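Novice: Starting from the given sequences, assemble the full structure and let the hints guide the process.
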Amino acid sequence: MPNLISRPGPIAFLRQAIHHATDGGPLFYAWMTLLTCVALVGVNAWANQVVHGMQVTGMGDHVSWGLYISNFTFFVGVAAAAVMMVIPAYLYHDHEMHDSVIVGELLAIAAIVVCLLSVTVDLGRPDRFWHMMPPLGRFNWPISMLTWDVIVLNGYLALNLWICAYLLWNRWRGTAPSPRLYLPFVFLSIVWAVSIHTVTAFLYCGLGGRPFWNTALLAPRFLASAFVAGPALIIVILLALQRLGGYPFGDRPIALLLRIVRITALINLFMLGVECFTALYAGSTHASSLRYLLFGAHGHHGLVPWIWSAIALNVVAAALFLWPGLLRRPGLLAAACLMTFVGIWIEKGMGLVIPGFIPSTLHEMVEYSPTATEWKITLGVVAGGALIYTLLLKTALPLISGWTPGLSVGHAAMDAQHRRLFEQLNALVAAVRSRRGAAEVGRTLDFLDAYVREHFADEERLMSESGYAGLDDHRRMHAGFVTELAAVHAALSAPDADRQAIAERLHHAMRDWLLHHIRVDDRAYASHLATRG
Amino acid sequence: MTEEQPAGMTRRTVLKAAGATLGAGAFAAAIAPLTQWKPAESVDEFLRRHYKELTPAELTEICRRVEADAKKTHGIDVHVAAPQPTPGVKFGYALNLSICVGCRRCAEACHRENNHDRATHNSYIRVFEMDNGTLDLAHGDATYDHPVPAKGKYYMPVQCHHCDNAPCTKVCPVEATWKEQDGIVVVDYNWCIGCRYCEAACPYHARRFNWKKPEVPASEINPDQGYLSNRVRPQGVMEKCTFCLHRTREGRLPACLEACPTGARVFGDLADPQSEIRWVLANKRVFILKEDLGTRPTFFYFFDK
Ligand code: SF4
Ligand code: SF4
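These protein sequences, in sequence, are chains A and B. For the first sequence, the residue numbers in the numbering used here are 1 to 533. For the second sequence, the residue numbers in the numbering used here are 1 to 305.
Misleading hints may appear alongside valid ones.
[As the list claims (entries may be wrong)] With a Cα cut of at most 27 Å, we get these calculated BS3-like pairs of lysine-lysine: (1) B:LYS212 with A:LYS376; (2) B:LYS38 with A:LYS376; (3) B:LYS16 with A:LYS394; (4) B:LYS72 with B:LYS212; (5) B:LYS213 with B:LYS72.
Just so you know, these hints were derived from the structure itself, not from any lab. Note that the structure is a prediction, hence the values are computed from the model and not measured.
Specialist: Structure (structure tokens):
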């Protein structure tokens with residue numbers, strides 16, 4: 001039978017994306033306004049920097065890279081760490097991770113944008129940006145590591161854009177994505193993620209004149225710290241989404257990410273220790289940057305408070321991660337993640353870039369501290385990234401968890417009811433998961449139960465009126481769902497109910513059933529209705 | 001979207017449109033300072049190709065453009081040339097640490113010759129006061145301010161070493177800096193994007209960035225200029241010692257050498273066996289800075305005694 005339900009096209013997709021991205025409650029608008037303001041303050045500071053020159057920064061010929069490049073380095077790590085979600089989902093076919101992968105991949109996109117902006121604001125002549133673009137410019141590839149970084153960062157951006165767009169587009173249309181069109185890219189992006197951070201480390205460790213950076217441990221250290229900061233950030237995001245609603249995933253992703261940071265946080269501290277021992281024990285002049293960083297030198301102590309705060313934050317967070325009860329204390333978990341996020345931002349941003357210049361190559365001690373302009377621009381860049389990320393999430397999450405036009409059965413009333421069904425089911429999952437009182441959960445459940453029956457009855461009436469041959473089969477399927485719902489009800493009323501497990505069951509078994517049922521079974525009767533006209 | 005009432009929809013849309021307009025307006029206001037920005041470049045200059053792809057005629061035209069620019073901005077006549085390397089010539093520099101007294105006249109001469117920014121007193125040369133008995137720069141001081149030579153000290157001027165294996169040229173993403181045939185490492189100020197990667201890569205602190213537009217009073221501008229050397233630089237680009245190529249490629253000596261009162265500086269053609277610098281390399285106790293880095297400098301230090 002030909003499929004008579006037309007599939008919506010890209011324009012409609014974009015329209016709905018824009019609708020989702022710009023629609024929200026007061027909190028959403030307040031958040032967006034805040035980010036926009038911070039970003040605009042940054043844009044303004046940058047415009048002034050372009051006009052008056054980089055003299056408005058705290059940099060000079062001795063410390064010639066500062067906050068911008070520090071922030072760049074850090075966010076390359078965040079972008080790379082998005083693969084922490086992808087690996088289990090695809091490599092180990094962990095289906096529960098599949099949906100949440102999108103949160104990580106969208107983060108990679110936003111983080112790369114932050115990286116590219118951070119480098120752009122660091123340029124003395126942004127107007128000559130095109131000198132880097134072949135064939136117009138001169139691209140000093142392969143000898144300049146910076147050209148490698150340009151390639152891998154933009155490649156990574158393109159990869160993630162493609163994967164996200166392709167998967168979301170298919171989800172929206174209700175079609176199955178063709179593995180050939182995205183799986184190879186997913187695996188490529190895993191390797192690629194490692195490459196972006198390795199190349200960024202090579203930017204530094206390839207410089208023989210800067211002993212502080214000229215160590216083979218730099219790339220492994222970058223990766224280790226990235227795999228702390230990245231997952232930590234994603235945990236915070238997932239926890240926030242859980243609080244704010246609109247969180248369509250189970251607890252599994254958070255538990256998995258926590259297992260990862262538990263290990264990587266320790267590896268990261270270990271590597272820092274190894275680095276310190278190697279340099280300090282031998283006591284060569286090569287250790288002078290490290291000594292300046294940790295203890296200060298020749299009366300200069302600019303970075304000492306920073307690095308010790310970073311170490312303290314990372315140690316406390318690593319200890320907290322080891323505590324088994326952490327998963328049950330979302331507030332504390334978020335705090336630990338934020339601590340290590342900030343700790344690593346300091347350690348590998350300011351703590352890594354700046355000491356490379358102090359002492360200078362001719363052993364002069366000139367210190368650096370960022371000016372207000374640099375802070376404004378940096379915060380503006382990060383706000384810009386957060387803005388993009390918010391919009392991306394706002395677009396993607398409803399597509400993952402809710403009714404999309406791709407699920408249309410071509411019957412307006414039935415479409416509206418299906419939409420409500422998804423909303424009710426998601427509300428129930430949220431209520432169960434949020435550990436709200438049994439009364440409230442009961443209310444949501446009753447409501448869903450009533451709505452399901454009503455909807456099924458409407459649908460069945462439609463089928464019988466039109467003389468649909470598959471009515472009996474369809475009835476059986478509906479009855480199965482109602483029984484399952486009753487089973488959930490019973491399980492929830494048990495005194496020792498494992499609510500997380502029930503939430504998972506609701507979330508996966510029932511939502512996936514609904515998706516499949518609408519896509520396949522309901523479409524069949526809809527086609528029948530359509531042919532009858 | 002069957003459930004949304006048309007009225008609510010419209011109000012929302014209007015609000016969203018208002019928000020977007022407000023945002024766009026604020027954005028325009030935020031970037032408004034850019035309108036004061038004068039990169040002082042014509043469209044032709046902006047779209048120019050890389051130095052190495054220019055024909056001699058185009059290069060001449062560009063030099064005329066820089067001259068016209070100087071006339072316009074400073075009201076003075078300057079001569080901008082683009083002398084090319086002489087095949088077979090390889091420049092080198094040697095500095096006699098036994099007789100250098102640390103007077104910094106070389107640094108001062110560099111400052112004037114190369115049209116450096118007056119306010120920051122920039123120079124390509126930094127002179128370090130060193131303790132007798134050590135070559136460790138960690139004990140050096142470039143900010144000394146007392147009569148020289150001081151007792152127990154010797155002096156070590158440092159400038160670009162025009163390395164044969166130059167880390168600075170390797171790292172440049174756009175080939176805005178390169179080593180010419182006669183060994184001189186140059187920067188094209190109109191191609192550099194100002195990323196400062198080369199400054200991080202140089203092990204000898206030889207590079208200088210234009211953190212602001214360099215300012216030299218018109219009356220003090222050295223009108224004898226080279227396109228790749230001492231013409232007044234734009235804001236936001238890298239610069240460095242060029243062995244005064246506008247002089248040395250025409251048979252004259254670097255300004256720093258001429259200014260040196262003790263004769264500590266020896267400049268010449270490393271490829272010419274009869275040159276003074278070759279004699280120094282063959283007969284003196286010569287060393288190079290940070291030899292272990294493999295940069296192969298063509299700037300040498302030596303001691304008499
Ligand atoms: S001294 Fe520095 S700037 Fe000069 S050629 Fe060597 S690396 Fe380049
Ligand atoms: S600052 Fe200029 S010369 Fe130096 S690496 Fe960047 S583009 Fe090249």
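Novice: Could you run down the list of hints and mark each one as holding or not?
Specialist: Against the structure, the hints come out as follows:
A C-alpha spacing of about 20 Å is found between LYS212 (chain B) and LYS376 (chain A), which places the hinted pair at or below 27 Å, so the restraint holds. Pair hint LYS38 (chain B) plus LYS376 (chain A) holds up; C-alpha atoms about 23 Å apart against a cutoff of 27 Å. Taking the CA atoms of LYS16 (chain B) and LYS394 (chain A), the gap is about 15 Å. The hint holds against a cut of 27 Å. Under the criterion of a C-alpha separation no larger than 27 Å, the hint pairing LYS72 (chain B) with LYS212 (chain B) is consistent with the structure, at around 20 Å.
With a C-alpha separation of about 16 Å, the suggested pairing of LYS213 (chain B) with LYS72 (chain B) holds against the 27 Å cut-off.
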